[in-house]
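A.B. asks: Residues per chain are reported as follows:
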Amino acid sequence: MKPLLMAGVATLAFSALAVAGPTPAGGTVSGKVTYEGTPAKMKPIDMSKEPSCAKMYSTPVLAETVVTGSGNSLENVVVYVSAGAPDDPAPSTAAVFNQKGCRYIPHVLAFQVNQELKIVNEDQTSHNIHPLPKLNREWNKSQPPGTPPISEKYDKAEIFPVKCNVHPWMHGNFAVLKNSHYAVTGDGGSFTLPNLPPGKYTITAWHESYGEQTQDVTISGSETKTVNFVFKAKPY
Amino acid sequence: MRKLNYSLVIASSVVLSCAAFLYSTPAAAQDSGQAASAQAAPAEAPPGSVPATRPPIPPGERYPEGTSHIGNLTGHTNGQDAGGDLYYRYCWGCHGARGDGNGENAPYVTPTPRNFVAAVFKCRSTPTGYLPTEEDIFDTLKRGIITSNMPSWATLSDQNRADLVAFIKTFSTRWETEKPGTPISIPPEPKVTLESIKHGKVLFTKLECWKCHGPQGRGDGPSASTLTDSNDQPIRPYNFYTGYRFKCGSTNRDLYKIFMTGVDGTPMPSFADVIKPEEAWDLVHYLRTLQIWHKSPELALWESTPEGKAYVQSEKVMNVETGSGIHP
Numbered sequence: 001m002k003p004l005l006m007a008g009v010a011t012l013a014f015s016a017l018a019v020a021g022p023t024p025a026g027g028t029v030s031g032k033v034t035y036e037g038t039p040a041k042m043k044p045i046d047m048s049k050e051p052s053c054a055k056m057y058s059t060p061v062l063a064e065t066v067v068t069g070s071g072n073s074l075e076n077v078v079v080y081v082s083a084g085a086p087d088d089p090a091p092s093t094a095a096v097f098n099q100k101g102c103r104y105i106p107h108v109l110a111f112q113v114n115q116e117l118k119i120v121n122e123d124q125t126s127h128n129i130h131p132l133p134k135l136n137r138e139w140n141k142s143q144p145p146g147t148p149p150i151s152e153k154y155d156k157a158e159i160f161p162v163k164c165n166v167h168p169w170m171h172g173n174f175a176v177l178k179n180s181h182y183a184v185t186g187d188g189g190s191f192t193l194p195n196l197p198p199g200k201y202t203i204t205a206w207h208e209s210y211g212e213q214t215q216d217v218t219i220s221g222s223e224t225k226t227v228n229f230v231f232k233a234k235p236y
Numbered sequence: 001m002r003k004l005n006y007s008l009v010i011a012s013s014v015v016l017s018c019a020a021f022l023y024s025t026p027a028a029a030q031d032s033g034q035a036a037s038a039q040a041a042p043a044e045a046p047p048g049s050v051p052a053t054r055p056p057i058p059p060g061e062r063y064p065e066g067t068s069h070i071g072n073l074t075g076h077t078n079g080q081d082a083g084g085d086l087y088y089r090y091c092w093g094c095h096g097a098r099g100d101g102n103g104e105n106a107p108y109v110t111p112t113p114r115n116f117v118a119a120v121f122k123c124r125s126t127p128t129g130y131l132p133t134e135e136d137i138f139d140t141l142k143r144g145i146i147t148s149n150m151p152s153w154a155t156l157s158d159q160n161r162a163d164l165v166a167f168i169k170t171f172s173t174r175w176e177t178e179k180p181g182t183p184i185s186i187p188p189e190p191k192v193t194l195e196s197i198k199h200g201k202v203l204f205t206k207l208e209c210w211k212c213h214g215p216q217g218r219g220d221g222p223s224a225s226t227l228t229d230s231n232d233q234p235i236r237p238y239n240f241y242t243g244y245r246f247k248c249g250s251t252n253r254d255l256y257k258i259f260m261t262g263v264d265g266t267p268m269p270s271f272a273d274v275i276k277p278e279e280a281w282d283l284v285h286y287l288r289t290l291q292i293w294h295k296s297p298e299l300a301l302w303e304s305t306p307e308g309k310a311y312v313q314s315e316k317v318m319n320v321e322t323g324s325g326i327h328p
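Chains F and V supply the protein sequences, listed in that same order.
Read in order, the letters of the first sequence correspond to residues 1 to 236 in the working numbering.
Read in order, the letters of the second sequence correspond to residues 1 to 328 in the working numbering.
Keep in mind that the hints were calculated from the coordinates and are not lab data.
The C-beta atom is built at its ideal place from N, Cα and C for all residues, glycine as well.
Be careful, since some hints might not be right.
[Stated by the list, open to error] Derived contacts from chain F toward chain V, CB cut-off under 10 angstroms, selection only:
#1 Met42
#2 Lys43
#3 Lys49
#4 Tyr57
#5 Ser58
#6 Val61
#7 Lys118
#8 Val120
#9 Glu122
#10 Ser126
#11 Asn128
#12 Ile129
#13 Ser142
#14 Gln143
#15 Thr147
#16 Lys163
[Said to hold, decoys possible] The list that follows gives simulated cross-link-like pairs (lysine-lysine, DSS-like), each with its CA atoms no further than 25 angstroms apart:
#17 V:Lys206 x F:Lys55
#18 F:Lys118 x V:Lys201
#19 F:Lys200 x F:Lys225
#20 V:Lys201 x V:Lys142
#21 V:Lys206 x F:Lys118
#22 F:Lys178 x V:Lys179
#23 V:Lys206 x F:Lys49
#24 F:Lys100 x V:Lys295
#25 F:Lys156 x V:Lys295
#26 F:Lys225 x F:Lys156
#27 V:Lys276 x F:Lys153
#28 V:Lys179 x F:Lys153
#29 V:Lys201 x F:Lys49
#30 V:Lys276 x F:Lys134
#31 F:Lys234 x F:Lys32
Turn these sequences into a full structure, and let the hints steer you where they fit.
C.D. replies: Next comes the structure, spelled out in structure tokens:
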């Protein structure tokens, strides 16, 4: 909730600035991702083969293929501007992908083309990081406990799974995107894409199990447009 | 003049029908390949995410131009019995008329035939994620890949294999947009010592090789049964107990190369960033002692210790020498 609030504040501050100053006005696309139907029940993960991770949980953790919240909200959805915005240069900050308790944190990591990707292992066990891209280079590296973070980057936009072969329940996703206008829905399923100059955009929402949807939106001035996505839940 | 024309027509029609006969099977395979890939492809795959395949080359048309350079050999795709002809004679049955690993035999082949459109190769001298060198593919063609259906093509000439390398490269644009990686440097192998073997054993435990390969290297670790390759097909970890050859060669250098480059497209990761070269040699020496049916200097040294002798005795079935223990 806190990052969302902060994002909201930042948006407000930015639009206030845009109105006051001569800087080009920035519009905002915000909305909520929900599902209809009955999603499959996520199975508890059996980590008994990896005691160092199993002991970190008092109750078994659930698989994160579909994570839902109150009010039918859907988490882990990548919402991004897929058309209409120019490609952005990669930011200098690294996107961090953590392995903790034999889970990926975050489950879905979005970052930009050529942005540094830092992969950290906080566990007391070896992991192998095996992303499975189709367009980018497919590599597979071992990361025993206590070794420095792996630094990588991807030069083509693509969304693909990443897995650890040693721990078959570990499954995540990388979303390599062309511009900086993206968000991954968290608790509550809402998202905000700020700082969009006036223009026509295609907004894409991607979910690892429910597929992707697109909507077109036109921004004029510093207005805030609401775009909501409703995914159809798969019962299995 | 008219007579000559007739004979030309007859001659060419004979050639054409022969060609049609020769090439009829790849065309049929193309249809079945399409059907199979349409079934296999998940509906939610975003468009454009899979590298495009190209249709098979119709008879009489030229193959895409391409060359390979292996030593002083230059491989070609076009020409009598050059890369294209050889591919559509020996390779397409498994690797597919489109080179996408979806050939007629593919459903019966495990692990699945290599997909040359994706251009991810197992046996490389280059770091994980990079294209192999042309020599790497050339060597794989000659050696074959044990525990898979890829046979050795040692019966072909070096020129044939160089031509095939040239043709395989034409299936993927990766060969145009990317450069093969720089081969990893392999320091000279140090002398085999007991310390080296023992340290290798420590590394085997520390790096958790046993999670897949099993505590005795029999390919039966706790994660072994869950492993899948990049095509989501089950794949078995290497079993050191049987034989002495590996998927990508049989020498100590080859073994060093396998875990320092990883076996791309499979669960086997690269350890290049996490072990030092001298440690890697220790691991090589230890892994040789797991191959208890292969008489190696490492095993001989290991068996000279009471600990090693007891281990080998306990691992050999019934403590009886069998045929496989006799080969040099």
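A.B. asks: List in ascending order the numbers of the hints, as given earlier, that are violated by the structure.
C.D. replies: The structure breaks hints 1, 2, 4, 5, 6, 7, 8, 9, 18, 20, 24, 25, 26, 30; every other hint is satisfied.
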